[in-house]
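Visitor: Listed here are the chains, written in short residue letters.
Protein chains: 2
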Amino acid sequence: MGLKISVERTTAPKQKPEISQLGFGKHFTDHMFIMEYDAGKGWHDPRIVPYQPISLDPAAKVFHYGQTVFEGMKAYKTPEGPVLMFRPFKNLQRLNRSNARLSMPSLDEDLVMEALKQLIKADEDWIPSEQGTSLYIRPFVISTQATLGVAPSEKYYFMIILSPVGSYYEEGINPVSIYVESEYVRAVTGGVGNAKTGGNYAAGLKAQQEATEKGYSQVLWLDGVHRKYIEEVGSMNVFFKVGGKVITPALNGSILDGVTRDSVIQVLKHWNIEVEEKTISIDELVEAYRNGTLEEAFGTGTAAVISPIGELNWQGDKLTLNGGRTGPLSSRVYDFMTGMQRGTIEDPFGWIVKL
Amino acid sequence: MGLKISVERTTAPKQKPEISQLGFGKHFTDHMFIMEYDAGKGWHDPRIVPYQPISLDPAAKVFHYGQTVFEGMKAYKTPEGPVLMFRPFKNLQRLNRSNARLSMPSLDEDLVMEALKQLIKADEDWIPSEQGTSLYIRPFVISTQATLGVAPSEKYYFMIILSPVGSYYEEGINPVSIYVESEYVRAVTGGVGNAKTGGNYAAGLKAQQEATEKGYSQVLWLDGVHRKYIEEVGSMNVFFKVGGKVITPALNGSILDGVTRDSVIQVLKHWNIEVEEKTISIDELVEAYRNGTLEEAFGTGTAAVISPIGELNWQGDKLTLNGGRTGPLSSRVYDFMTGMQRGTIEDPFGWIVKL
Numbered sequence: 006m007g008l009k010i011s012v013e014r015t016t017a018p019k020q021k022p023e024i025s026q027l028g029f030g031k032h033f034t035d036h037m038f039i040m041e042y043d044a045g046k047g048w049h050d051p052r053i054v055p056y057q058p059i060s061l062d063p064a065a066k067v068f069h070y071g072q073t074v075f076e077g078m079k080a081y082k083t084p085e086g087p088v089l090m091f092r093p094f095k096n097l098q099r100l101n102r103s104n105a106r107l108s109m110p111s112l113d114e115d116l117v118m119e120a121l122k123q124l125i126k127a128d129e130d131w132i133p134s135e136q137g138t139s140l141y142i143r144p145f146v147i148s149t150q151a152t153l154g155v156a157p158s159e160k161y162y163f164m165i166i167l168s169p170v171g172s173y174y175e176e177g178i179n180p181v182s183i184y185v186e187s188e189y190v191r192a193v194t195g196g197v198g199n200a201k202t203g204g205n206y207a208a209g210l211k212a213q214q215e216a217t218e219k220g221y222s223q224v225l226w227l228d229g230v231h232r233k234y235i236e237e238v239g240s241m242n243v244f245f246k247v248g249g250k251v252i253t254p255a256l257n258g259s260i261l262d263g264v265t266r267d268s269v270i271q272v273l274k275h276w277n278i279e280v281e282e283k284t285i286s287i288d289e290l291v292e293a294y295r296n297g298t299l300e301e302a303f304g305t306g307t308a309a310v311i312s313p314i315g316e317l318n319w320q321g322d323k324l325t326l327n328g329g330r331t332g333p334l335s336s337r338v339y340d341f342m343t344g345m346q347r348g349t350i351e352d353p354f355g356w357i358v359k360l
Numbered sequence: 006m007g008l009k010i011s012v013e014r015t016t017a018p019k020q021k022p023e024i025s026q027l028g029f030g031k032h033f034t035d036h037m038f039i040m041e042y043d044a045g046k047g048w049h050d051p052r053i054v055p056y057q058p059i060s061l062d063p064a065a066k067v068f069h070y071g072q073t074v075f076e077g078m079k080a081y082k083t084p085e086g087p088v089l090m091f092r093p094f095k096n097l098q099r100l101n102r103s104n105a106r107l108s109m110p111s112l113d114e115d116l117v118m119e120a121l122k123q124l125i126k127a128d129e130d131w132i133p134s135e136q137g138t139s140l141y142i143r144p145f146v147i148s149t150q151a152t153l154g155v156a157p158s159e160k161y162y163f164m165i166i167l168s169p170v171g172s173y174y175e176e177g178i179n180p181v182s183i184y185v186e187s188e189y190v191r192a193v194t195g196g197v198g199n200a201k202t203g204g205n206y207a208a209g210l211k212a213q214q215e216a217t218e219k220g221y222s223q224v225l226w227l228d229g230v231h232r233k234y235i236e237e238v239g240s241m242n243v244f245f246k247v248g249g250k251v252i253t254p255a256l257n258g259s260i261l262d263g264v265t266r267d268s269v270i271q272v273l274k275h276w277n278i279e280v281e282e283k284t285i286s287i288d289e290l291v292e293a294y295r296n297g298t299l300e301e302a303f304g305t306g307t308a309a310v311i312s313p314i315g316e317l318n319w320q321g322d323k324l325t326l327n328g329g330r331t332g333p334l335s336s337r338v339y340d341f342m343t344g345m346q347r348g349t350i351e352d353p354f355g356w357i358v359k360l
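Sequence order for the protein chains is B and Y. Start counting the first sequence at 6; every next residue gets the next number (the working numbering). Start counting the second sequence at 6; every next residue gets the next number (the working numbering).
Keep in mind that the hints are not guaranteed to be accurate.
The list treats identical chains as one, so a pair stands whether inside a single copy or across any two.
Listed next, the in silico DSSO-like pairs over lysine-lysine satisfying Cα-Cα at most 30 angstroms (straight line) [what the hints assert, rightly or not]:
id, residue 1, residue 2
1, K250, K233
2, K219, K31
3, K46, K219
4, K250, K126
5, K95, K359
6, K283, K359
7, K160, K31
8, K31, K46
9, K359, K46
10, K21, K160
11, K21, K31
12, K31, K95
13, K219, K160
14, K19, K211
15, K19, K233
16, K95, K250
17, K95, K9
18, K21, K46
19, K126, K219
20, K323, K160
21, K274, K46
22, K19, K46
23, K9, K250
24, K211, K233
25, K211, K21
26, K323, K211
27, K160, K283
28, K283, K233
Think of the hints as simulated: they come from the structure by calculation, not from any bench.
All chains should be built: construct the whole structure from the sequences, respecting the hints.
Guide: Structure representation (structure tokens):
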């Protein structure tokens, strides 16, 4: 690993927010991790410092050419138990795949894991332990070289910030209504849709905004080539239960290789529920709905874990799933995943890392 | 217009770089323009201040979700003449189209024009007047709200920075070799390819890097749906002269509506040269090359104005254009465009704005 992480503790700890006021990604802890990269020198000066603004030249490439990647992870704590993380190395491996796609330097995954441990330890008293709460972890890399030529940056910051977050849903999990998007496209094969980079999220804002105006929570993205194959729902992967079998879009280069997605597939197989990664057309789903075999649908992601879909609007037709209520499989997967993550259900996969 | 621009002059002017050291976007002037936006309040506090770093919370959305837009313009000066700009309102209109696509607040184009004038006036002695030099102008908007929810920001900075730049080419214009990209895709219809946003540039870095490793300057982008229709070259629009007629890809929603592109089309028409905006397949170009009618090709953009293409590599076949030398039409368009922009050739279109 080589590099030693220095630690500067804050002398002015912030007041912690009320649990009821947590929300998502609105409050940040007392410390952050930062490390710099310079071409020819590599990553250097890894350090934990008080959470503070960063100062950048207005010409820094991140402001102009979107050369950024990030990850999202969570740490959990029960009042009596240790701090738990869920498959952190899987996120760090993806972070490096994203780095490669964006022509950014790779990170030493062991060093980043050590940084995560030390940072979370420094802010351990910020981790909420109430049901549905957790510590959201945001590692990210930004390009900081102050030149306007369109080329990979020669300087970067890698940072980790922490945010105590509340339940994504007020009371357990509630189904959301989804608008099937036919005008806007999130990503296309050959692009950066399978990298966790800012541009993918910026590209989705307009469709999300228009869906919200129509009364929908999120959009279901179709592929950019045929405009008929299911890709993601909002910024989550998506699963459908059709005639007793679970299907999810296969990794095709334009959707994100979600850690929750991969975990849910393995959990379903563990339960002997048939699950298939395949190309899924919107027509196939509408047909299943018409003949009564489209039983459930849900999104998967780190923030919400499982987000059941109660309604799909496809070109004005409203497809109500499981009577608009959370389906039994969605509930079962949610309870099992969050139970494992919080340490209240035994983890048969070896996914949980105790800090 | 309403808002008044305040001005704080620097007390420590920087040393200006040697003309031979200018390069592109490496040096910045003594001042910058900044204005802030808050939801419910709108744009406020427009001001010219000494060029300085900006301080942002590490959770600022620009670092995570790529919600950014920018523009590129130039101001020109001859030793004896006034400062000239080229169609600045066309760039400002596109800036607002980009803002709309990225769910960002629109700017008052008259206020921005006034800011441009006052900022360039403040740094007028930074504008180089040597042949091939100019003042590159970079207006940009970044999302600054410090929350991690994926949603349009409620806070933004709009800034303008200025960079004295040298000739894009050492000696006049030289042809570049271009690799026709068949693996990576820049953008797709329904996406953000026609907006000037960071993510489009980040998405192109990997292909550009691999082309460079193969000995090519840039890539020629094909469309993301059929993988056969020409889109852009690097970050420029592209023109081909085939059998005496000039063709350029039609605006299809995934390519940038370039100001230089539009100007070149009008210049060619002014010269009674036939020009057509159309869907152009790579097969059509290869066929024209085989039968000897592919006469010239060039890219267009603010930075290089005209960039002649000497060679196209399509799946290993090398297509040499005009013997690898700058073609007569490319030269003529370059001389006319840069002559108008510098004020040495009369502008018959009313495009030049004297500051």
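Visitor: Indicate, hint by hint, whether the structure satisfies it.
Guide: Here's how the hints hold up against the structure:
| no. | hint | in the structure |
| --- | --- | --- |
| 1 | K250 <-> K233 | within (21 angstroms within a copy, 38 angstroms between copies) |
| 2 | K219 <-> K31 | within (26 angstroms within a copy, 46 angstroms between copies) |
| 3 | K46 <-> K219 | between (51 angstroms within a copy, 25 angstroms between copies) |
| 4 | K250 <-> K126 | neither (42 angstroms within a copy, 68 angstroms between copies) |
| 5 | K95 <-> K359 | within (15 angstroms within a copy, 57 angstroms between copies) |
| 6 | K283 <-> K359 | neither (34 angstroms within a copy, 60 angstroms between copies) |
| 7 | K160 <-> K31 | both (28 angstroms within a copy, 14 angstroms between copies) |
| 8 | K31 <-> K46 | between (35 angstroms within a copy, 21 angstroms between copies) |
| 9 | K359 <-> K46 | neither (33 angstroms within a copy, 46 angstroms between copies) |
| 10 | K21 <-> K160 | between (34 angstroms within a copy, 24 angstroms between copies) |
| 11 | K21 <-> K31 | within (12 angstroms within a copy, 43 angstroms between copies) |
| 12 | K31 <-> K95 | within (25 angstroms within a copy, 38 angstroms between copies) |
| 13 | K219 <-> K160 | between (43 angstroms within a copy, 24 angstroms between copies) |
| 14 | K19 <-> K211 | neither (35 angstroms within a copy, 42 angstroms between copies) |
| 15 | K19 <-> K233 | neither (49 angstroms within a copy, 56 angstroms between copies) |
| 16 | K95 <-> K250 | within (26 angstroms within a copy, 54 angstroms between copies) |
| 17 | K95 <-> K9 | within (23 angstroms within a copy, 52 angstroms between copies) |
| 18 | K21 <-> K46 | between (38 angstroms within a copy, 29 angstroms between copies) |
| 19 | K126 <-> K219 | neither (44 angstroms within a copy, 47 angstroms between copies) |
| 20 | K323 <-> K160 | neither (49 angstroms within a copy, 35 angstroms between copies) |
| 21 | K274 <-> K46 | neither (46 angstroms within a copy, 53 angstroms between copies) |
| 22 | K19 <-> K46 | between (35 angstroms within a copy, 28 angstroms between copies) |
| 23 | K9 <-> K250 | neither (49 angstroms within a copy, 64 angstroms between copies) |
| 24 | K211 <-> K233 | both (20 angstroms within a copy, 28 angstroms between copies) |
| 25 | K211 <-> K21 | neither (34 angstroms within a copy, 42 angstroms between copies) |
| 26 | K323 <-> K211 | within (22 angstroms within a copy, 41 angstroms between copies) |
| 27 | K160 <-> K283 | neither (40 angstroms within a copy, 41 angstroms between copies) |
| 28 | K283 <-> K233 | both (14 angstroms within a copy, 26 angstroms between copies) |
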